[in-house]
Amino acid sequence: MAGTEYRGSEIKDVDQFVKDKAGLDSEREKEIGQHIGYRYDVNLVPDYSRITDFLKGYMEVMGWDDLNWLEDVHMGYEDGKAAVFDRNINGWVRIPDSIKLPDNQQDRDMIARELLIKFQMSDRHPLVTLRKAYCKY
Amino acid sequence: MAGVTDSELKAMTQEERVDALGLTTEQLFGRSLLIEFNPDEEERYTYPWAPDIFYNKRVEIDTDELSTTELNNKIRSAMAEGNGTIVIKNPRGMHSVGVGILNRLTLEVEGSLGYFAVGLIDGPNVRIKGRVGWSCGENMMSGTVVIEKNAGSTFGAAIRGGDLVCRGSVGSRTGIDQKGGTIIVGGDTGALSGFMMQRGRMIVCGNAGKNLGDSMYDGTIYIGGEIKSCGVDAVPAELTDLDKAWLTRKLQQYELMPDKGVDHFQKIVSGKQLWNYDNLEPNEKKLIL
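If you're matching them up, the sequences are chains A and B in order.
One rule links them: number in the numbering used here = place in the first sequence (from 1) + 22.
Position 59 of the second sequence, counted from 1, bears residue number 48 in the numbering used here, the numbering being contiguous throughout.
Everything labelled a hint here was simulated from the structure, so no lab data went into it.
Since we're looking at a predicted model, the values are computed, not measured.
Treat each hint with caution, since some may be false.
Stated by the list, open to error - Restricting the straight-line Cα-Cα distance to at most 20 Å, the calculated cross-link-like pairs of lysine to aspartate or glutamate (DMTMM-like) are:
no. : chain 1 : residue 1 : chain 2 : residue 2
1   : B       : K138      : B       : E99
2   : B       : K261      : A       : E53
3   : A       : K78       : A       : D88
4   : A       : K41       : A       : D129
5   : A       : K122      : B       : D29
6   : B       : K261      : A       : E49
7   : B       : K233      : A       : D88
8   : A       : K158      : B       : E59
9   : B       : K168      : B       : D207
10  : A       : K78       : B       : E31
11  : A       : K78       : B       : D29
12  : A       : K154      : B       : D(-5)
13  : B       : K233      : A       : D69
14  : A       : K158      : B       : E4
15  : A       : K78       : B       : E32
16  : A       : K154      : B       : E5
17  : A       : K122      : B       : E30
18  : B       : K261      : A       : D47
19  : A       : K158      : B       : E(-3)
20  : B       : K168      : A       : D88
21  : A       : K122      : B       : E25
22  : A       : K154      : B       : E(-3)
23  : A       : K78       : B       : E30
24  : A       : K103      : B       : E25
25  : B       : K46       : A       : E82
Can you make the complete structure from the sequences, with help from the hints?
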């Protein structure tokens, strides 16, 4: 299912970057020894029939008709581990091993969105400390 | 961080605060911070520092004799008092209004704004009844912005998320350096729209000027009218049923659905010949390392 739901995807296997953490595919990637592009299907649009209750609540609280910026959030992979890219810290945040990964990218993306929101809104997010250090008192 | 109170932090210099909070100033290499999610995290929908607001609590702010800073401070004060709907009256083309709002909010502007309107926002739903100048919604992170009339150049520059909508026409370099989110233009867009686009989607119901999508790395541009010319590495792609379904949903959401539907839209994507994320060749890496 990964990548086949929407346009232009070259990701054929939902576990491509779990099985092969380098994920080198094209001749060019093999030549340079580096994966080019994203470690998820950037153009996969959400399947709203799979949305979680938490995300429904988030849309309602924010007054949005859809997932808004979360449509661009996907579960990706870092060093062979499932992770989500958090734009607020410009880094990957890993999915704990205790969370079982569903067998399709759409459900994985919904989990990624939910975990990312909970993390960004928590007191342990690095932005909280950064804000204390750099805000204008 | 433990043991340092807010009042103690307030009395410190910025350098002392950085030290007291244990922040590192060393340069990091690579993007991994080795942080894990906590599956049992408390469920919250807003940032810890964001004040609680109520959409049915409304306040009007008349901008007469207010400077931009005073107006933006008033907006913050109104949010701190729990107002979830703020109406700006008589803005008269004021610049940099509503910048940096990091909370859910309904912001209604009864008039036109100047440059950098609602830049750097993360969450609010904004409606501007007039026009806007350059760089409206620049670096927008999330939320919705709807402009009823026209917008200037660099509309949605470097936008990272959310929906930025202009019912009229926009100037040149729309969505320059776009990194996510959706830009929707009801009319025409100028030259070099989507320049160096990296992610996200742009819908233009009217015509596009020359060099559309020049040097785009990724993302998708949909044009309902004529394209003067495509830029370097911007190439046409097939409009699939999934594209049409997504276009229909988005355009209906903002009441911008053309009478003739979406079948006529052209889709422009990156040819990916300019991709250079691998900016260091293996041999060069060996030399450096």
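Tested hints:
1. A C-alpha spacing of about 12 Å is found between K138 (chain B) and E99 (chain B), which places the hinted pair at or below 20 Å, so the restraint holds.
2. At most 20 Å may separate the alpha-carbon atoms for a hinted pair to count; K261 (chain B) and E53 (chain A) meet this at roughly 17 Å.
3. Proposed proximity of K78 (chain A) and D88 (chain A) is supported: the alpha carbons are some 9 Å apart, at most 20 Å.
4. Taken as a hint, the K41 (chain A) and D129 (chain A) pair is honoured in the structure, with Cα atoms around 19 Å apart against an allowance of 20 Å.
5. A distance of roughly 15 Å separates the Cα atoms of K122 (chain A) and D29 (chain B); the hinted pair therefore holds under the 20 Å criterion.
6. This hinted pair checks out: K261 (chain B) and E49 (chain A) have alpha carbons roughly 15 Å apart, not beyond 20 Å.
7. Of the supplied pair hints, the one linking K233 (chain B) and D88 (chain A) holds, its CA atoms being roughly 17 Å apart against a limit of 20 Å.
8. Simply put, K158 (chain A) and E59 (chain B) have alpha-carbon atoms about 16 Å apart, close enough for the 20 Å limit, and the pair holds.
9. For the suggested pair K168 (chain B) and D207 (chain B), the alpha carbons sit about 9 Å apart, so the restraint of at most 20 Å is met.
10. Only pairs whose Cα atoms come within 20 Å are accepted, and K78 (chain A) paired with E31 (chain B) is accepted, the gap being roughly 16 Å.
11. Only pairs whose Cα atoms come within 20 Å are accepted, and K78 (chain A) paired with D29 (chain B) is accepted, the gap being roughly 19 Å.
12. Between K154 (chain A) and D(-5) (chain B), the direct Cα distance comes to roughly 8 Å. Compliance with the 20 Å bound is thereby established for this hinted pair.
13. In summary, the hint linking K233 (chain B) to D69 (chain A) is supported, as the alpha carbons are separated by about 15 Å, within the 20 Å threshold.
14. At roughly 13 Å between alpha-carbon atoms, K158 (chain A) and E4 (chain B) fall within 20 Å of each other, so this suggested pair holds.
15. At roughly 13 Å between alpha-carbon atoms, K78 (chain A) and E32 (chain B) fall within 20 Å of each other, so this suggested pair holds.
16. Note on K154 (chain A) and E5 (chain B): the hinted pairing holds, with a Cα-Cα distance of about 12 Å set against a maximum of 20 Å.
17. The hinted pair formed by K122 (chain A) and E30 (chain B) meets the criterion: a straight-line CA distance of about 17 Å does not exceed 20 Å.
18. For the hint pairing K261 (chain B) with D47 (chain A), the CA-to-CA distance comes to about 15 Å; that is within 20 Å, so the pair holds.
19. A distance of roughly 14 Å separates the Cα atoms of K158 (chain A) and E(-3) (chain B); the hinted pair therefore holds under the 20 Å criterion.
20. Taking the CA atoms of K168 (chain B) and D88 (chain A), the gap is about 19 Å. The hint holds against a cut of 20 Å.
21. About 15 Å separates the Cα atoms of K122 (chain A) and E25 (chain B), which keeps this hinted pair within 20 Å; it holds.
22. Pair hint K154 (chain A) plus E(-3) (chain B) holds up; C-alpha atoms about 11 Å apart against a cutoff of 20 Å.
23. Straight-line distance between C-alpha atoms of K78 (chain A) and E30 (chain B) comes to about 18 Å, which keeps the hinted pair within the 20 Å bound.
24. The suggested pairing of K103 (chain A) with E25 (chain B) holds, with an alpha-carbon distance near 11 Å, which does not exceed 20 Å.
25. Simply put, K46 (chain B) and E82 (chain A) have alpha-carbon atoms about 17 Å apart, close enough for the 20 Å limit, and the pair holds.
Checked against the numbered hints above, the structure breaks none of them.
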